[in-house]
Amino acid sequence: MASAVDLHVKSPDDIVSSMSPHLYGIQRVRKETEDTFTLELQEKSGQHKLSFAPGQFNMVYVFGVGEVPISISGDPASPVLVHTTRAVGTVTRVMSKLRRGDMLGIRGPFGTAWPVAEARGHDVVIVAGGIGLAPLRPSLYEVLSHREDFGKVVLLYGTRTPSDILFREELEQWRARFDLEVHVTVDRADSGWRGNVGVVTTLIHKAPFDPQRTVAMVCGPEVMMRFAALELVKRGVSAGAISLSMERNMKCGIGLCGHCQFGPFFVCKDGPVFRYSRIKDLLTKWEI
Amino acid sequence: METLERILAEHQFFKDLAEPYLQLATGCASNIRFEPDQFIFREGEEADQFYLIRQGRVALQIFAPDRGAITIETLTEGDILGWSWLIPPYNWHFDARALEVTRAIALDGKCLRRKCEEDHNLGYELLKRFAHIIEQRLESTRLQILDIYGVRS
Chain A
1 MASAVDLHVK
11 SPDDIVSSMS
21 PHLYGIQRVR
31 KETEDTFTLE
41 LQEKSGQHKL
51 SFAPGQFNMV
61 YVFGVGEVPI
71 SISGDPASPV
81 LVHTTRAVGT
91 VTRVMSKLRR
101 GDMLGIRGPF
111 GTAWPVAEAR
121 GHDVVIVAGG
131 IGLAPLRPSL
141 YEVLSHREDF
151 GKVVLLYGTR
161 TPSDILFREE
171 LEQWRARFDL
181 EVHVTVDRAD
191 SGWRGNVGVV
201 TTLIHKAPFD
211 PQRTVAMVCG
221 PEVMMRFAAL
231 ELVKRGVSAG
241 AISLSMERNM
251 KCGIGLCGHC
261 QFGPFFVCKD
271 GPVFRYSRIK
281 DLLTKWEI
Chain B
289 METLERILAE
299 HQFFKDLAEP
309 YLQLATGCAS
319 NIRFEPDQFI
329 FREGEEADQF
339 YLIRQGRVAL
349 QIFAPDRGAI
359 TIETLTEGDI
369 LGWSWLIPPY
379 NWHFDARALE
389 VTRAIALDGK
399 CLRRKCEEDH
409 NLGYELLKRF
419 AHIIEQRLES
429 TRLQILDIYG
439 VRS
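Line order of the protein sequences matches chains A and B.
Residue 1 is where the first sequence starts when you use the numbering used here, and the numbers rise one by one after that.
Residue 289 is where the second sequence starts when you use the numbering used here, and the numbers rise one by one after that.
Same shape as in the complex, but just chain A (with noise of 0.2 Å):
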């Protein structure tokens, strides 16, 4: 359970540092789906020099507005900043209105990382919901540019029509590629959509992958994440090895404030990435 100890390993001038925002600029914005976006965010200062691992989130301050976390969507390996979003709540709504130019305040990184290196000589399924779809995109850049230290590399993609699709061009890329197995379906859809209709769990059970050595990492909405889980622990895979991202209302980052607490975690720091085995028996409860 996190106490009063884990505070206690901060000193005066970490809990500083954490809490400033660093000055960012955006260089891009590329709209993703009606209400999703992705801004490129550049540090002004040249003195911030963020290195993230995948999985990991930043609080991410709209002056005047307010701050979010929102979880890193872009490459490890490049020294652009990238978040992807959706503007469903005060201060996305404003950030999606932001032009190249504006600044943004960054705090972060924060929180736990998507078990990559662990995933060395396994098999990696990667199984997206939605705009889960973002968080995951790092770790599957960070394999696919050690591609020969991975086993078989599965991306199973779930979202709610077609015209929600996140990252549409990279995903055919992906799809392109003879070492990466790229699955997509949706939930609706017209006759004109030729590919797969049905929620993402029911490409699980037909996915090429050896579930005895198989890292999983699985990242949307906390009831497919939670079904998810189940299709894979019934495909073999142990709740040990499978990665969920949880989301809850994230603020000081650091574990201090306690908004984000989930059971005997927070979410900032304990996560946002979780072993399954490690909160399953939560994911049930309604009182959490």
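No lab work stands behind these hints, which were simulated from the structure alone.
Quantities reported herein were computed from a predicted structural model and do not represent experimental measurements.
Idealized CB from N, CA, C, for every residue including glycine.
Check each hint, because a few of them may be wrong.
As the list claims (entries may be wrong) - In silico BS3-like cross-links for lysine-lysine, where the CA-CA straight-line distance does not exceed 30 Å:
(1) B:303 to A:49
(2) A:31 to A:44
(3) A:152 to A:206
(4) B:416 to A:206
(5) B:303 to A:152
(6) B:398 to A:234
(7) A:251 to A:49
(8) A:251 to A:269
(9) B:416 to A:234
(10) A:280 to A:31
(11) A:49 to A:206
(12) A:269 to A:44
To be verified - Beta-carbon label-pair distances, calculated as ranges:
(13) B:391 to A:148: 46 to 54 Å
(14) A:101 to B:381: 53 to 61 Å
(15) B:421 to A:163: 43 to 51 Å
Model the placement of chain B on the given structure of chain A, informed by the hints.
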């Protein structure tokens, strides 16, 4: 050479089915191929077969006058298509259309239904297997109607 009996025996649906029953199912089976956009069956038609998809993709669709054909679900290699042959009044409730060249094994539902009436052990065995498929499809459909992707920010 791949015989129909061997293909059926290796399929998850028929796995561990007693040999006489497997032979009986093989006797009711035939290879079939559908071209892209070809209807496999239409809503309201008599349901007298079911299909084991070997290759390709099939869309289960329903037609709405104001929206056209709406795809509810797609089925691919290894999936079983159709259970209305087993449940009165034995009519299809949806359209099934091949989205690409689709190869399948068609099983004569009328023939199997008669055999199930004659031999309830066979009937129970097939019902258990179909109940499993129906349970999986029901679970998927429940998740689909939750529209879960609309809520995560």
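Hint check:
1. Distance check on the hinted pair: residue 303 of chain B and residue 49 of chain A sit about 57 Å apart at the alpha-carbon level, beyond 30 Å; violated.
2. Restraint check for residue 31 of chain A and residue 44 of chain A: the C-alpha separation of about 23 Å stays at or below 30 Å, so the hint holds.
3. Distance check on the hinted pair: residue 152 of chain A and residue 206 of chain A sit about 14 Å apart at the alpha-carbon level, within 30 Å; holds.
4. The hinted pair formed by residue 416 of chain B and residue 206 of chain A meets the criterion: a straight-line CA distance of about 21 Å does not exceed 30 Å.
5. Proposed proximity of residue 303 of chain B and residue 152 of chain A is supported: the alpha carbons are some 27 Å apart, at most 30 Å.
6. The straight-line distance between the Cα atoms of residue 398 of chain B and residue 234 of chain A is roughly 34 Å, outside the 30 Å bound, and the hint therefore fails.
7. For the suggested pair residue 251 of chain A and residue 49 of chain A, the alpha carbons sit about 22 Å apart, so the restraint of at most 30 Å is met.
8. Among the hinted pairs, residue 251 of chain A with residue 269 of chain A is consistent with the structure: their alpha-carbon atoms are about 11 Å apart, no more than 30 Å.
9. At roughly 19 Å between alpha-carbon atoms, residue 416 of chain B and residue 234 of chain A fall within 30 Å of each other, so this suggested pair holds.
10. For the suggested pair residue 280 of chain A and residue 31 of chain A, the alpha carbons sit about 35 Å apart, so the restraint of at most 30 Å is broken.
11. Restraint check for residue 49 of chain A and residue 206 of chain A: not satisfied, since their Cα atoms lie roughly 42 Å apart, outside the 30 Å limit.
12. Of the supplied pair hints, the one linking residue 269 of chain A and residue 44 of chain A holds, its CA atoms being roughly 27 Å apart against a limit of 30 Å.
13. Distance hint for residue 391 of chain B and residue 148 of chain A: a CB-CB separation of about 35 Å, inconsistent with the stated range 46 to 54 Å.
14. Distance hint check: the CB atoms of residue 101 of chain A and residue 381 of chain B are about 56 Å apart, consistent with the given range 53 to 61 Å.
15. With their beta carbons about 31 Å apart, residue 421 of chain B and residue 163 of chain A fall outside the hinted range of 43 to 51 Å.
The earlier numbered hints that this structure contradicts are 1, 6, 10, 11, 13, 15.
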